[in-house]
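Please model the entire structure based on the sequences and the hints provided.
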Amino acid sequence: MSWISRGLIALASLIMIGIYFKPLWEITLYAPQYREGLRMIIWVNKITGGTPHDLRNINLLNHYVGMKKIDPDSIPELKILPVVFGFMIFLGLLTALTGSKKLLYTWVVLIIIIGIASLADFWWWEYDYGHDLNPHAPIKIPGMAYQPPMFGCKNLLNFKACAFPSTGTYLLAISGTIGVISAFIEILRGRKKA
Amino acid sequence: MKSKLKLTLFSAVAAGVVSLPSMAQSPAEKVYVPHGKHDEFYAFLSGGYNGQLSVYGLPSGRLLKVIPVFSVFPMNGYGYSEETKAMLMTSHGFIPWGDTHHPELSQTNGVPDGRWIFINENNTPRVARIDLKTFETTEILEIPFSGGNHASAFVTPDTKYITAATRFSVPIPQKDVPIAEYKKYFKGTLTFVRADQPGKMDIAFQILVPGYDYDLAHCGKGPSYGWCFFTSYNTEQAHTLLEINASMKDKDYIAAVNFKRAEECIAQGKYKEVKTKYAHNYRPDEGDRIARTEWKTSVKWIIPKECPGVIYFLPTPKSPHGVDVTPDGKYIIGGGKLATVIPIHSFDKMINAIKNKQFAGEVDGIPILKYEAINHCEIPNPCLGPLHTEFDDKGYAYTSCFISSDVVYYDYKKCKVLGHVPTYYSVGHLLIPGGDSAKPWGKYLLPMNKITKDVFLPTGPELPHAGQLYDISADVKNTKPQFLLDLTELGEPHYAQAIPASILAPKSLKIFELEKNTHPYATKSEEEAKVVRKGNEVHIYMTAIRSHFTPDNIEGVRVGDTVYFHVTNIEQDWDIPHGFAVYGARTSNLLIMPGETLTLKWKPQKPGVYPFYCTDFCSALHQEMQGYIRVSPKGSKVPIKYGTGEEMHVVK
Numbered sequence: 291m292s293w294i295s296r297g298l299i300a301l302a303s304l305i306m307i308g309i310y311f312k313p314l315w316e317i318t319l320y321a322p323q324y325r326e327g328l329r330m331i332i333w334v335n336k337i338t339g340g341t342p343h344d345l346r347n348i349n350l351l352n353h354y355v356g357m358k359k360i361d362p363d364s365i366p367e368l369k370i371l372p373v374v375f376g377f378m379i380f381l382g383l384l385t386a387l388t389g390s391k392k393l394l395y396t397w398v399v400l401i402i403i404i405g406i407a408s409l410a411d412f413w414w415w416e417y418d419y420g421h422d423l424n425p426h427a428p429i430k431i432p433g434m435a436y437q438p439p440m441f442g443c444k445n446l447l448n449f450k451a452c453a454f455p456s457t458g459t460y461l462l463a464i465s466g467t468i469g470v471i472s473a474f475i476e477i478l479r480g481r482k483k484a
Numbered sequence: 002m003k004s005k006l007k008l009t010l011f012s013a014v015a016a017g018v019v020s021l022p023s024m025a026q027s028p029a030e031k032v033y034v035p036h037g038k039h040d041e042f043y044a045f046l047s048g049g050y051n052g053q054l055s056v057y058g059l060p061s062g063r064l065l066k067v068i069p070v071f072s073v074f075p076m077n078g079y080g081y082s083e084e085t086k087a088m089l090m091t092s093h094g095f096i097p098w099g100d101t102h103h104p105e106l107s108q109t110n111g112v113p114d115g116r117w118i119f120i121n122e123n124n125t126p127r128v129a130r131i132d133l134k135t136f137e138t139t140e141i142l143e144i145p146f147s148g149g150n151h152a153s154a155f156v157t158p159d160t161k162y163i164t165a166a167t168r169f170s171v172p173i174p175q176k177d178v179p180i181a182e183y184k185k186y187f188k189g190t191l192t193f194v195r196a197d198q199p200g201k202m203d204i205a206f207q208i209l210v211p212g213y214d215y216d217l218a219h220c221g222k223g224p225s226y227g228w229c230f231f232t233s234y235n236t237e238q239a240h241t242l243l244e245i246n247a248s249m250k251d252k253d254y255i256a257a258v259n260f261k262r263a264e265e266c267i268a269q270g271k272y273k274e275v276k277t278k279y280a281h282n283y284r285p286d287e288g289d290r291i292a293r294t295e296w297k298t299s300v301k302w303i304i305p306k307e308c309p310g311v312i313y314f315l316p317t318p319k320s321p322h323g324v325d326v327t328p329d330g331k332y333i334i335g336g337g338k339l340a341t342v343i344p345i346h347s348f349d350k351m352i353n354a355i356k357n358k359q360f361a362g363e364v365d366g367i368p369i370l371k372y373e374a375i376n377h378c379e380i381p382n383p384c385l386g387p388l389h390t391e392f393d394d395k396g397y398a399y400t401s402c403f404i405s406s407d408v409v410y411y412d413y414k415k416c417k418v419l420g421h422v423p424t425y426y427s428v429g430h431l432l433i434p435g436g437d438s439a440k441p442w443g444k445y446l447l448p449m450n451k452i453t454k455d456v457f458l459p460t461g462p463e464l465p466h467a468g469q470l471y472d473i474s475a476d477v478k479n480t481k482p483q484f485l486l487d488l489t490e491l492g493e494p495h496y497a498q499a500i501p502a503s504i505l506a507p508k509s510l511k512i513f514e515l516e517k518n519t520h521p522y523a524t525k526s527e528e529e530a531k532v533v534r535k536g537n538e539v540h541i542y543m544t545a546i547r548s549h550f551t552p553d554n555i556e557g558v559r560v561g562d563t564v565y566f567h568v569t570n571i572e573q574d575w576d577i578p579h580g581f582a583v584y585g586a587r588t589s590n591l592l593i594m595p596g597e598t599l600t601l602k603w604k605p606q607k608p609g610v611y612p613f614y615c616t617d618f619c620s621a622l623h624q625e626m627q628g629y630i631r632v633s634p635k636g637s638k639v640p641i642k643y644g645t646g647e648e649m650h651v652v653k
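Protein chains in written order, with the numbering used here: chain A, 291 to 484; chain B, 2 to 653.
Certain hints may be false.
To list a few chain A residues with every Cβ distance to chain B over 12 Å, as calculated [as the list claims (entries may be wrong)]:
1. Arg296
2. Lys312
3. Pro362
4. Glu367
5. Phe380
6. Leu381
7. Pro455
8. Ala463
9. Ile464
10. Phe474
11. Ile475
12. Ile477
13. Lys483
List time: in silico DSS-like cross-link candidates among lysine-lysine, alpha-carbon distance up to 30 Å [claimed, not checked]:
14. Lys312/A - Lys511/B
15. Lys511/B - Lys336/A
16. Lys359/A - Lys531/B
17. Lys430/A - Lys358/A
18. Lys358/A - Lys525/B
19. Lys525/B - Lys336/A
20. Lys511/B - Lys359/A
21. Lys350/B - Lys306/B
22. Lys602/B - Lys638/B
23. Lys359/A - Lys517/B
24. Lys444/A - Lys511/B
25. Lys450/A - Lys511/B
26. Lys642/B - Lys359/A
Source of the hints: derived by calculation from the structure; they are not laboratory data. If you're wondering where the values come from, they're calculated on a predicted model, not measured in any experiment. Glycine included, C-beta positions come from ideal geometry on N, C-alpha and C.
Listed below in structure tokens is the structure:
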């Protein structure tokens, strides 16, 4: 491995550390009486509110249509993902240290799989919250589901729900891209030599 | 063609006129606050005989809130709930009504700072502190050895003290004497209440003074810091038909009190400790938020003879009402209610007169200064019946004139009248934001009137009081104040205060943090809800959240029990209060703010099943927010049973 690609994979790993400090995704609910929006912020290891009470208030409003309570303690992803990304950071740094191409390609393949799996899991999580409704909910509208969007805004009864990736996701994307570039450099160098 | 040209020309001229500053905007434009915008000032108008304090927005004149202070308020349970009823405790027992007069904002360096607003009760002498994060009354102190606490609650520029005084002199200490022996037994007190620490209001000292009627007060600032001024009337010491008998003399007095001197005398032990009993009621604005009464047992009296230099009398024509100190602290304006002039005293001259002993006499050890030695000037023929004065930021004073129903404004240094504006009718107090402080925000003037008659739609014999809002932002030397709006008022506003919204609005509390609620009966989650019997008392630990109570079915209560509903609103969202009312309660409803616990005491009279419900439309399923409590006959064996939904808990 060249020093450049070793440097790049090290950089990619270091950037990834940022996701422990920055949120991954933000979902904001707007309504006439919530002009400022109720905000739910998804981190790698927790879910918080825009204010200390936003999550509680989102849950309170959701119970009218029978949505499950969002309880960060009962979401296994929030326990698994920090370990997964911790492993990736470790693996990236190990790659830079050893200069092993095999490890580099493994890293790139893994990060792509993790990225796609995380998005798919997030979509499934949103689908489940929006569709698995308590049959005894006070407000029942036939055919209505409350799955929030992943990108952009969507009207859900009196609420406009808007979701966008946040800094952490952008950091992951940058980290992944740098990793991929590092791998490309190695592939190109391999071809030249051949 | 021609008409089109004319129209264009007319429009151009009209546009030019409209674009002229100040008067160009119509009154309607100046008071209209569109949706999405807020008022520029908070105004606090006392409610007089309703015992409350009204909060308005200016310039819109919108009523924002009524803060209960000395009167019970069934709308939110103030004075009825177990947490608030101690606020109205006095040495005469629980008193459900009071007469609020003079609100005054706390100050730092003579400028309103928006921490608290104080207000006095005239009838059973008391002073109160209202917290301006919660807009709630948090503290009430009873004033012993007093009658008619009118010259109150005026602050010193550092809010160290607020004033109190006897408008109605009484036998001090109280005793059973013939009223005709007024001159022998009746005395007055000027009281200084320590006010700079919430929860620690206390009487610092009382100065024993002759038995006159002490009417209003204001404290000095800047050069006159350390002094407070109290007007008096009835120096004739009449005890009947005062309208004639107390209007004999040409001059009565403004009492000038040097409170720094009083502090020295206290430090030197030149005071008399007197035993008495008075209530200090405090409801903290966080924690358990339970009002408690602390009984205080003594006060310190300062006798003027034994503490020379503590008080002087400034002769002032005639039965003066208001006493107001200019923003620079240099002049003291007396509202010579029956005088044909407005007398302005000079603080510098007063100090010189004291130094040079320019005395005209003495009463009970209190030197009377020579009028000529202290008087800066008399505003000649200002109006009829001058009462109160406020100031703008341009060096002008505005005095309300009851008899002539107008406000006169003048240059108080040059003693020159600039003009008059009418009031509808018979103006009492008047307000300029910060108008009695060291830094007035001289944008609006609000005279508050005693007679309304035809100003509004008639509502039977009893009418709302009216106030007139004027724009005084232009230099009133050249531009007459512009009349903007008639305001309806609640009760009878005496004094009022206003402060820029930018100071108060950002601090306004949205919810009480449930985590910080330390009420002994707080129920912080539905799992903790329970019903506990203690002899004849049944304590219901209840939660309220959209849209149910937990528990909402309760059994096992018996006639003869005293039931306490301790309801905790476990919401943590802004503007989601829940109400609570139960059939047959002889108290009121509760209005419980998010994170707060309030308690309703209920003594069921007859067996049966009684509904309770949420009184504040809280959500789409508010109508469903209801429950039942079963009352069994005395001696019944029905066990305590409670719950919400499927699970019922039985207490064996």
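Hints, verified against the model:
{"no.": "1", "hint": "Arg296", "in the structure": "holds (50 Å)"}
{"no.": "2", "hint": "Lys312", "in the structure": "holds (26 Å)"}
{"no.": "3", "hint": "Pro362", "in the structure": "holds (17 Å)"}
{"no.": "4", "hint": "Glu367", "in the structure": "holds (26 Å)"}
{"no.": "5", "hint": "Phe380", "in the structure": "holds (38 Å)"}
{"no.": "6", "hint": "Leu381", "in the structure": "holds (41 Å)"}
{"no.": "7", "hint": "Pro455", "in the structure": "holds (27 Å)"}
{"no.": "8", "hint": "Ala463", "in the structure": "holds (35 Å)"}
{"no.": "9", "hint": "Ile464", "in the structure": "holds (37 Å)"}
{"no.": "10", "hint": "Phe474", "in the structure": "holds (51 Å)"}
{"no.": "11", "hint": "Ile475", "in the structure": "holds (53 Å)"}
{"no.": "12", "hint": "Ile477", "in the structure": "holds (55 Å)"}
{"no.": "13", "hint": "Lys483", "in the structure": "holds (64 Å)"}
{"no.": "14", "hint": "Lys312/A - Lys511/B", "in the structure": "holds (28 Å)"}
{"no.": "15", "hint": "Lys511/B - Lys336/A", "in the structure": "holds (26 Å)"}
{"no.": "16", "hint": "Lys359/A - Lys531/B", "in the structure": "holds (24 Å)"}
{"no.": "17", "hint": "Lys430/A - Lys358/A", "in the structure": "holds (14 Å)"}
{"no.": "18", "hint": "Lys358/A - Lys525/B", "in the structure": "holds (21 Å)"}
{"no.": "19", "hint": "Lys525/B - Lys336/A", "in the structure": "holds (23 Å)"}
{"no.": "20", "hint": "Lys511/B - Lys359/A", "in the structure": "holds (24 Å)"}
{"no.": "21", "hint": "Lys350/B - Lys306/B", "in the structure": "holds (23 Å)"}
{"no.": "22", "hint": "Lys602/B - Lys638/B", "in the structure": "holds (23 Å)"}
{"no.": "23", "hint": "Lys359/A - Lys517/B", "in the structure": "holds (24 Å)"}
{"no.": "24", "hint": "Lys444/A - Lys511/B", "in the structure": "holds (29 Å)"}
{"no.": "25", "hint": "Lys450/A - Lys511/B", "in the structure": "holds (24 Å)"}
{"no.": "26", "hint": "Lys642/B - Lys359/A", "in the structure": "holds (28 Å)"}
The structure shown violates none of the earlier numbered hints.
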